[in-house]
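Novice: Here is what each chain is made of, one letter per residue.
There are 2 protein chains.
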Amino acid sequence: MPVYNAPAKDMHYLLHDVLKVSEAGIPGYEELEPDFTSAVLEEAGKLARDVLAPLNAVGDREGCRMENGVVYTPTGFKAAFEQMKEGGWTGLDCDPEYGGQGMPYVLGTAVGEMFVSANMAFNMYQGLTHGAYSAIHAHGTQAQKTTYLPKMVSCDWTGTMNLTEPHCGTDLGLMRTKAEPQADGSYKITGQKIFISAGEHDLAENIIHLVLAKAPGGGEGTKGISLFIVPKFLVNADGALGARNGATVGKIEEKMGIHGNATCVMNYDGATGYLLGELHKGMRAMFTMMNEARIGVGLQGYAQAEAAYQNAVAYAKDRLQGRAVTGAENPSGPSDPLIVHPDIRRNLMDQKSFIEGARALTFWGAHLIDKAHRSNDAAAEGMISLLTPVIKGFQTDKGFDATIQAQQVFGGHGYIEDSGMSQFARDARIAMIYEGANGVQALDLVGRKLAQDGGKHVMAFFEMVKGFLKDNAAHEGLADGFLEPLKKASKDLQAAAMYFMQNGMKNPNNALAGSTDFLHMFGHVCLGLMWARMAKASHDALAAGAQDAEFHRTKIATGRYYMARQLPATGMHLARIESGAETVMALDAGAF
Amino acid sequence: MPVYNAPAKDMHYLLHDVLKVSEAGIPGYEELEPDFTSAVLEEAGKLARDVLAPLNAVGDREGCRMENGVVYTPTGFKAAFEQMKEGGWTGLDCDPEYGGQGMPYVLGTAVGEMFVSANMAFNMYQGLTHGAYSAIHAHGTQAQKTTYLPKMVSCDWTGTMNLTEPHCGTDLGLMRTKAEPQADGSYKITGQKIFISAGEHDLAENIIHLVLAKAPGGGEGTKGISLFIVPKFLVNADGALGARNGATVGKIEEKMGIHGNATCVMNYDGATGYLLGELHKGMRAMFTMMNEARIGVGLQGYAQAEAAYQNAVAYAKDRLQGRAVTGAENPSGPSDPLIVHPDIRRNLMDQKSFIEGARALTFWGAHLIDKAHRSNDAAAEGMISLLTPVIKGFQTDKGFDATIQAQQVFGGHGYIEDSGMSQFARDARIAMIYEGANGVQALDLVGRKLAQDGGKHVMAFFEMVKGFLKDNAAHEGLADGFLEPLKKASKDLQAAAMYFMQNGMKNPNNALAGSTDFLHMFGHVCLGLMWARMAKASHDALAAGAQDAEFHRTKIATGRYYMARQLPATGMHLARIESGAETVMALDAGAF
Chain A
86 MPVYNAPAKD MHYLLHDVLK VSEAGIPGYE ELEPDFTSAV LEEAGKLARD VLAPLNAVGD
146 REGCRMENGV VYTPTGFKAA FEQMKEGGWT GLDCDPEYGG QGMPYVLGTA VGEMFVSANM
206 AFNMYQGLTH GAYSAIHAHG TQAQKTTYLP KMVSCDWTGT MNLTEPHCGT DLGLMRTKAE
266 PQADGSYKIT GQKIFISAGE HDLAENIIHL VLAKAPGGGE GTKGISLFIV PKFLVNADGA
326 LGARNGATVG KIEEKMGIHG NATCVMNYDG ATGYLLGELH KGMRAMFTMM NEARIGVGLQ
386 GYAQAEAAYQ NAVAYAKDRL QGRAVTGAEN PSGPSDPLIV HPDIRRNLMD QKSFIEGARA
446 LTFWGAHLID KAHRSNDAAA EGMISLLTPV IKGFQTDKGF DATIQAQQVF GGHGYIEDSG
506 MSQFARDARI AMIYEGANGV QALDLVGRKL AQDGGKHVMA FFEMVKGFLK DNAAHEGLAD
566 GFLEPLKKAS KDLQAAAMYF MQNGMKNPNN ALAGSTDFLH MFGHVCLGLM WARMAKASHD
626 ALAAGAQDAE FHRTKIATGR YYMARQLPAT GMHLARIESG AETVMALDAG AF
Chain B
86 MPVYNAPAKD MHYLLHDVLK VSEAGIPGYE ELEPDFTSAV LEEAGKLARD VLAPLNAVGD
146 REGCRMENGV VYTPTGFKAA FEQMKEGGWT GLDCDPEYGG QGMPYVLGTA VGEMFVSANM
206 AFNMYQGLTH GAYSAIHAHG TQAQKTTYLP KMVSCDWTGT MNLTEPHCGT DLGLMRTKAE
266 PQADGSYKIT GQKIFISAGE HDLAENIIHL VLAKAPGGGE GTKGISLFIV PKFLVNADGA
326 LGARNGATVG KIEEKMGIHG NATCVMNYDG ATGYLLGELH KGMRAMFTMM NEARIGVGLQ
386 GYAQAEAAYQ NAVAYAKDRL QGRAVTGAEN PSGPSDPLIV HPDIRRNLMD QKSFIEGARA
446 LTFWGAHLID KAHRSNDAAA EGMISLLTPV IKGFQTDKGF DATIQAQQVF GGHGYIEDSG
506 MSQFARDARI AMIYEGANGV QALDLVGRKL AQDGGKHVMA FFEMVKGFLK DNAAHEGLAD
566 GFLEPLKKAS KDLQAAAMYF MQNGMKNPNN ALAGSTDFLH MFGHVCLGLM WARMAKASHD
626 ALAAGAQDAE FHRTKIATGR YYMARQLPAT GMHLARIESG AETVMALDAG AF
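Going down the list, the protein sequences come from chains A and B. All residue numbers for the first sequence refer to this note's numbering, where the first residue is 86 and numbers rise by one. All residue numbers for the second sequence refer to this note's numbering, where the first residue is 86 and numbers rise by one.
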């Protein structure tokens, strides 16, 4: 059975040695003292390892089942959900006014990673709730907040997001679900939504669906869309549950993975809904959830890779097969462990250097969100807006690749379901698709984010890299394998942006045909920057006589690997981009 | 439900316009006239489309089941197997002396691709039989050939390969299965083998297991290994089936994919076995099967991608979502089809240019095998020996990537099992693992094949590329997008080989740490060469006033895409290789 041990030490390092959160001067960050974060991470790690991880294979094997319209989650999910609620984990970074603990998002992100690594399908029940909480918190009336948020913070009630319909995913302008205004100010919602994660289940007393629908008078396309709160059970004035609403599950989808989460077809038959936010401005309200959800999915990308990696390492140390080419390393045994072989090393280093880099990028992203929200920092808001598609798209593509590499270490045993490696791969696959398929992330990055606010944010990013290189030009440790590769990769990225500017005006296809390559380049530069920052932090720690010198030396060596072996990808992406749209668009549709 | 239409036209083009088989002067090739191959491909295509493809999802859903030691294949498999036998497809390229049709391997390869694309799990029953047939044909006594081959050619009896044991896969020296010599010249085989594809099933009267085991006196490691024929039912002197042998199935494995094929744990309890080939030289005999099997697996890599690609194209043309950025292309509809979007185009072109290039490489490889076997051409034998790990490793890695990309076109619908795209991905995954995991292919390439016969074959490969570039230096069509990229990529590959020579002597890890990168580079250069050859063939055809000009123009455009957008990967791989083993091997095993 697969194992999982939370990487609390690495998280602690990011929070305190790299991001230095307790000195950041952000409201709420003063609580993030090392002793406190250690205690939180330790407790969360125990829950992840002892309660959630053992249920991961159970959820995959059993899946969810529907009987007479009632959806049952896999054995053990309900008890685990209660444990998570009792520990207060569901409201860790929620507003204290509604029962939350008010912790910064960066801490919630660290804890979230552990839960996702341990059991991604399970954690989605609370993850979706958190997204719905955020949307109501940002856009709800005071009465709506009072009615729904305390129960959602505690996860007595869970939440969902309802966007997709059978004929429309990305193109929400085609939406058919209708909202008819009623005399009492409520709406009747009618239509079908698909791919609704946690759409129906037995973990909570009530489910608060957030549903996009078209109300009269909004015009064509996405302009006519509004967002509605549609509870499974209506809520009486006293807060007690009232009548069952006309929101029912049509079926549970059979999926490639995340079987433990009930992905539902939801039918709304004149269900009572309440407008959330402004009429006909539902897309805006939904995006509050979407951005948070996208970073959460980017986290899933490397968190699944982390779980798979831990098991690949254990297998590579345990499995005896062949001899090291440089001489036996286990001479008293019949063979050496797999980990002696250079190609296995390469495989494990690819995984390790990606995962730790992506963790740093995600934590930095969470830190930017805290800065934006808690310090009203517009520059931080702009930066995270730029980075969101990169975090989502790059980390889920590469996270899936890393998971496949981890599975590969097991040879044939990795293809057998018992090993658990297949589940990691099947589960990780969804992250490239949902919350906007990665091609849509690339389009968002190149088509919107690059030019946002006059290109201010991407310029700020380049300035940040330049500043780092300049400030550390004389740093001997960084000169050994960090500064030059980062400079080169950043120059490639700038050249690509320049190519888009010069050629995208003539023909936007010249930019869009390179969008996925650009997203990947950007991801590599981000991880290169993260590794350079971590290398600096670790060199500084070593110079200051840090106790755990081995940890820091490993960190620096892992970073040098990323710079030497992963960053050269930017040159390839640039060459592809600079070849333009011509070869991409050459064929008539009929020629495929 | 997924569709499949055999790409007979593309195959015909490769056989006659590119390889020009009927002019090749290889014994047996004179039969490969265009009319004849067209008829064969058409019939095979019908069987693939109408019989095999509709059973693909059935096999995935039902899987195989065992009741009281009897293994049942999915509904419809038996009837389809009978149809395949009746059509004579199982012996297409087998020796006429044993009932085969004696067709060249290149034609068998084309037909095989169709069957694999249509239903990979199903086709493995006959694919394994073909491998076992080859081993007996090459190493068996006349009596063994007479006893087993006719029934195996007709697939009345099927075959298996038994190498892996629970504690040993690649490292066969650890093998524990024993063979005890008996007074009558037979052996008693005792041990457990795992991952035995088609190990037990209801499709054939008898199953001929080829089993590696250790007979006394052979010494340590792989030197002591011999190969044995172990029939499920012993065969009487008159050819009738006799007693049930002690070869039984322990269980069927639950796998990520290829559910339609029974992957068995096989228990040999003093089973009667007959030595095949020389005592203690079983590895050599087994490699007869392995090389053929590896090229067959390389074919699976792109054949699964082909099936997935066809469905991705259909979906991209059908699904309306968004508008072309350059202006509506379906103005009367609510949206444009997905295929108008540049990033979808990029995705489809990646798939198409890989698949058609890999098909060309595989057909060329089959052609080399025919040349080696039918014309006793040692240079062809050396070349295909060099290319085998490239065909297996590169094409299955990239084939899986392409399948994942095809699934991505479907967005959320691709994650739902109903679409069939998940099955393609899950099935394609195994090809990276079995018949030697791809890391082992890379090791075979860099550690053995490069230096084989004093490096003669790799030199011949480089000479061939150089010769092509020289012969076509003045070719205007090829100058437009083919010659320069091929030259550059080939130079990168040579630089990598040079790096290995100069640095691998000091420390073999310098070569082995770059082995997977080298395998991928080599694959790209091979596909670049294939595309250049195809472009030449199509330019020539256009100049000669070919009827189907559109086909040839599409071919050239697809090739230009590969050269511009895929070949730049060689620079990245070279940079990784030239960074050496230091960052790869820097960590102690305990630091992972």
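Errors might be hidden in some of the hints.
You can't tell identical chains apart in this list, so a pair holds if it fits in one copy or across any two.
Said to hold, decoys possible - Simulated pairs of lysine to any residue, SDA-like, Cα-Cα distance not exceeding 20 Å:
1) Lys573 - Gly656
2) Lys131 - Lys163
3) Lys273 - Asp625
4) Lys576 - Ala660
Simulated from the structure, these hints should not be mistaken for laboratory data.
Novice: Output the numbers, in ascending order, of every earlier hint that fails for this structure.
Specialist: Violated: hint 3 alone.
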